[in-house]
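Going down the list, the sequences are from chains A and B. Per the numbering used here, the first sequence starts with residue -5, numbered consecutively. Per the numbering used here, the second sequence starts with residue -5, numbered consecutively.
Careful: at least some of the hints might be erroneous.
Repeated chains share a single entry, so a pair holds when one copy, or any two copies, can fit it.
Unchecked claim - Straight line, CA to CA, 16 Å or less: simulated EDC-like cross-link-like pairs of lysine to aspartate or glutamate: (1) K142 <-> E120; (2) K4 <-> E138; (3) K32 <-> D137; (4) K105 <-> D3; (5) K5 <-> E138; (6) K150 <-> D3; (7) K(-2) <-> D113; (8) K32 <-> E151; (9) K145 <-> D106; (10) K97 <-> E(-1); (11) K153 <-> D115; (12) K154 <-> D73; (13) K67 <-> D152; (14) K(-2) <-> D127; (15) K32 <-> D3; (16) K32 <-> E149; (17) K97 <-> E124.
Since the hints were made in silico from the structure, they are not lab data.
2 protein chains.
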Amino acid sequence: MAEKEDSQDKKFMARAIALAQIGVNANAGGPFGAVIVKNGVVIAEAHNEVLQTNDPTAHAEVTAIRRACQTLKSFQLDDCILYTSCEPCPMCLGAIYWARPKKVFFACSKKDAAAVGFDDDFIYQELDLETADRSIPMVHIHDEDAMKPFKLWDEKEDKKVY
Amino acid sequence: MAEKEDSQDKKFMARAIALAQIGVNANAGGPFGAVIVKNGVVIAEAHNEVLQTNDPTAHAEVTAIRRACQTLKSFQLDDCILYTSCEPCPMCLGAIYWARPKKVFFACSKKDAAAVGFDDDFIYQELDLETADRSIPMVHIHDEDAMKPFKLWDEKEDKKVY
């Protein structure tokens, strides 16, 4: 499945890297950029905007996914390719699985990111811990109504499954 | 660290569960709700809005985090507690680590969510695979300029580290 890139892929990746530089120069956020392409056409671009927008979820990939979905008027990135200047963090990787593009290209690695202070590896490690053992404590509350929304969803006849 | 909940916590969780039901009834998205509290006061509420907004990242937790950060004018949820009607998916868990609330309470489990068709477990498994082995292929492109944005960031004197 993991075929090599071609010259088109390299061109789109160069744009993702350029966006990362634009973002740093604009004080928008960290040094990350992303481009989403469908049928050879760019449908969304983004750089990290965490600082500019006070939004910790405004990573380049999440922002590009949101924009591409607005362009397509769909919550799924069917047949799309995501180019990101750096290997996605767990949040962005999760977003990628929910959006379901067909392929992802990345340039820098998680280790490269950690070297300039973006320690995604820490989050990857936390994900593998039991909830109560994580550095942010995560506590289960028993509530007898907790399953009611799930039952409502399960029995809903006009729901759009995603 | 994982102390038990008190009556206040139960009240906020009941609201998160109520939001989940409101969201299903409004056809906004899946059966999930979240509340963020600071110093005993609700500063943000959300239910899942994936379908309503065509945004695959608009899970209850991500949406509540974004709103709370707008309220606080900060990309960090210092001293905040997040109440979510269901154990967070990898995307939301990543968002939680970037936003850094002090604690998270959840009601339903990942298994409960999987039983009604929201298979976060699949994503958790994919995260542990090597990039090339994932169901969405993730391919490394070597680009000689890839490290330039990181260098720019690293050498930037007026940067705000986050």
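A quick look at each hint next to the structure:
1. K142 <-> E120: Neither: 30 Å inside a chain and 29 Å across chains, both beyond 16 Å.
2. K4 <-> E138: between (54 Å within a copy, 11 Å between copies)
3. K32 <-> D137: Neither. Shortest intra-copy (44 Å) and inter-copy (22 Å) distances fail the 16 Å Cα cut-off.
4. K105 <-> D3: neither (23 Å within a copy, 39 Å between copies)
5. K5 <-> E138: between (54 Å within a copy, 13 Å between copies)
6. K150 <-> D3: neither (43 Å within a copy, 29 Å between copies)
7. K(-2) <-> D113: So K(-2) and D113 fail the 16 Å test inside a copy (28 Å) and across (30 Å) alike.
8. K32 <-> E151: neither (33 Å within a copy, 38 Å between copies)
9. K145 <-> D106: For K145 and D106, the Cα distance is within 16 Å only across copies (10 Å; inside one copy 45 Å).
10. K97 <-> E(-1): Only inside one copy: K97 and E(-1) sit 11 Å apart there, 42 Å across copies, limit 16 Å.
11. K153 <-> D115: neither (37 Å within a copy, 22 Å between copies)
12. K154 <-> D73: neither (20 Å within a copy, 37 Å between copies)
13. K67 <-> D152: For K67 and D152, neither the intra-copy (20 Å) nor the inter-copy (38 Å) Cα distance is at most 16 Å.
14. K(-2) <-> D127: between (40 Å within a copy, 14 Å between copies)
15. K32 <-> D3: within (12 Å within a copy, 45 Å between copies)
16. K32 <-> E149: neither (36 Å within a copy, 35 Å between copies)
17. K97 <-> E124: between (31 Å within a copy, 14 Å between copies)
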